[in-house]
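Visitor: One-letter residues, chain by chain:
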Amino acid sequence: MPMTAPTVETAAPAAPAPPTSARRRRRRVPWTAYLALLPLFAVLGVFAYYPAVSGIWHSFSDWQPGFDSPWVGFDNYVAMWHDDLWWQSFRNLGYIFVFQVTIAWALPLLAAELVISLRSERLQFFFRTVLIAPMAFPGVVTVLLWSAMYDPNNGVINRVLQSVGLDSLAHNWTGDPNTALLALLFIGFPFVAGLPFLIFLATLQGIPKEVFEAASLDGANRLRRFWSVDLPLMASQVKLLVFLATIGVLQYGFAAYLLTGGGPDNATQVPVLRMLGVAFQGSQWGYAATLSSALFLITVVLSIVVVFIKRGDKADVKSL
Amino acid sequence: MSSRSETATGGRRRSGQTLVVLALSLIAFIGLFPFLFMLMTSLKTNQQYYATFWRPTLPLRLENYSTAWQQIQPYFVTSLLVAAAAIVGTLLLSTVAAFVFARYEFFGRKALFALVALLLMVPGISSLIPLFVLMRDLGILNTRLVLVIPHVAGGAVLGTLLMKTFVEQIPQALFDAARVDGASGPRMFWSIMLPLSLPVVGTISLVTVIGVWNDFFWPLLTIADNNLRTVSAGLQFFQTQNATEYGPLFAGYALASIPLLLLFLFMSKYFLAGLQGGLPGSGR
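Quick mapping for you: the protein sequence lines, in order, are chains A and B.
Quick note: the first sequence uses my numbering, first residue 1, plus one each step.
Quick note: the second sequence uses my numbering, first residue 1, plus one each step.
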């Protein structure tokens, strides 16, 4: 362990601390500090920084791991520009994003409103726990269970439709290009077990009781209170969630891989799956590196844009 | 939702509350339905499954669980070993680094810390391809080591950030007092900082366990030997092996869920902090 070295630090314990930085003392040669940081930077350098740089570097080449990788300039990026499948996967991602921030947030919001409407705190705690319990299951189990529910022959969903006499609606949900994306989106319905619900609930629980009492004295009913009090007070949390959803959706992939593999007919193709397909089925490593660099660039640009918007809004609030 | 106004009579209030409870129960039931169905079906044979689809039937086929366990037991061993190694590695790197970043002044402190924090911007998925090639060049594909490394590298970044924020809040007086008593840097690290940081240590450990348990693409791509698969990647293989044996299949899913469920039940506070801490910026 490198921690045996910093004993030197005790050399100046009693030295009078400079008034400006009482909590930190200046050392002449802080080798011990650098030495203690060395393991972290060695690991990050080799397994985080090197791959990131190597990915961008090789996106300009016809990458043949283990062999010569000729430099091809922007050829891969030109190919990406003309790759219809790649852009189609972004269109699917757009649908996924819109669905997530509307329907997949409306239900958690409703559930959070219902939970704080409960007068008994024990009931509030009970329902909070039960509602988020599905979060505790591994994501793979959740997706595989939904996949079984969509099964055309013995799936729960078709069985329900048959038992209520709607046989005509029974369907090969994941096998039909028209419904596959919808089937993918509805995994985890009613979407309550997740971060949005926890954030909505925490915000609503944090609103002082007096605010609600004032609203009800002014004659606001429950719906009116929701629009005029609850939603505005939640605005900054919603912005945080939009940020997380934007970044998160770009990494969307594993549910699609398990449920449909991107099919049928690319109806559920997403960028991550396209990238993995190019690398591991097509062995076009250079092109895959291009796609992953593009994905990275899009993530960074979107983060900056969203953070910028967020900051601008905050300044507006302060100036009031 | 009925009115909550002050003038509402007791009766209206009570019926409103009942409605809320009913609505919440319905939502909770739908949310938990796939898992309840899994538990029910995991105790049936295929004949029982086809004959009585919707309700549990006797006898309970507990042997489904032993059948499933035989197949997924190696995945459990791998996942537990990988999670343990990743926790140890992450904590070793991040506690030491956070202590130095939070409690020492030296040239380049801010720049070096920015180099760590910057990595939060790099989504794991976008360095997956070059990381795979690196592991291939190092010749460690298809080993347990290759499963541990990305979790240590990723965990060390988040761990250092969380831990540094926490250590900065420990009162300086504690460290000053220790110094007066002649404590060295490592001694303060070991005897003051670590014991006080146990909540963060717990959070980092849980983030790591959840991350290892749910990680899917990396083990899928780097591991070819069935015995070295983790639970998440192994379950997909397990599913293709048992596609028509519903009892053992769902029993396997249930078994794979147990560790995270136990953590959720007994450490739900840390578990939720872990889930939220795993997301950048959620510290509000």
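Calculated directly from the structure, the hints in this document are not laboratory data.
Because the structure is a prediction, the values reported are computed rather than measured.
Do not rely on the hints blindly, as some may be mistaken.
To be verified - Covered by chain B, per the in silico footprint, the following chain A stretches (three or more residues, Cβ under 8 Å): (1) 32-41; (2) 48-54; (3) 72-84; (4) 88-101; (5) 166-177; (6) 249-262; (7) 279-288.
Just so you know, even glycine gets a beta-carbon here, dropped at the ideal spot from N, CA and C.
Visitor: Each hint needs a verdict: does it hold in this structure or not?
Guide: Taking the hints in turn, this is what the structure says about them:
1. 32-41: Our answer is that it holds, as 8 residues pass the Cβ test (under 8 Å) against chain B, meeting three.
2. 48-54: holds (count 6)
3. 72-84: Three-residue rule not met by the region 72-84 of chain A, so violated; n is 0.
4. 88-101: violated (count 0)
5. 166-177: violated (count 0)
6. 249-262: That given contact holds, which follows from 6 residues of the region 249-262 of chain A lying within Cβ reach (below 8 Å) of chain B.
7. 279-288: holds (count 4)
Violated hints for the displayed structure, listed by number in ascending order: 3, 4 and 5.
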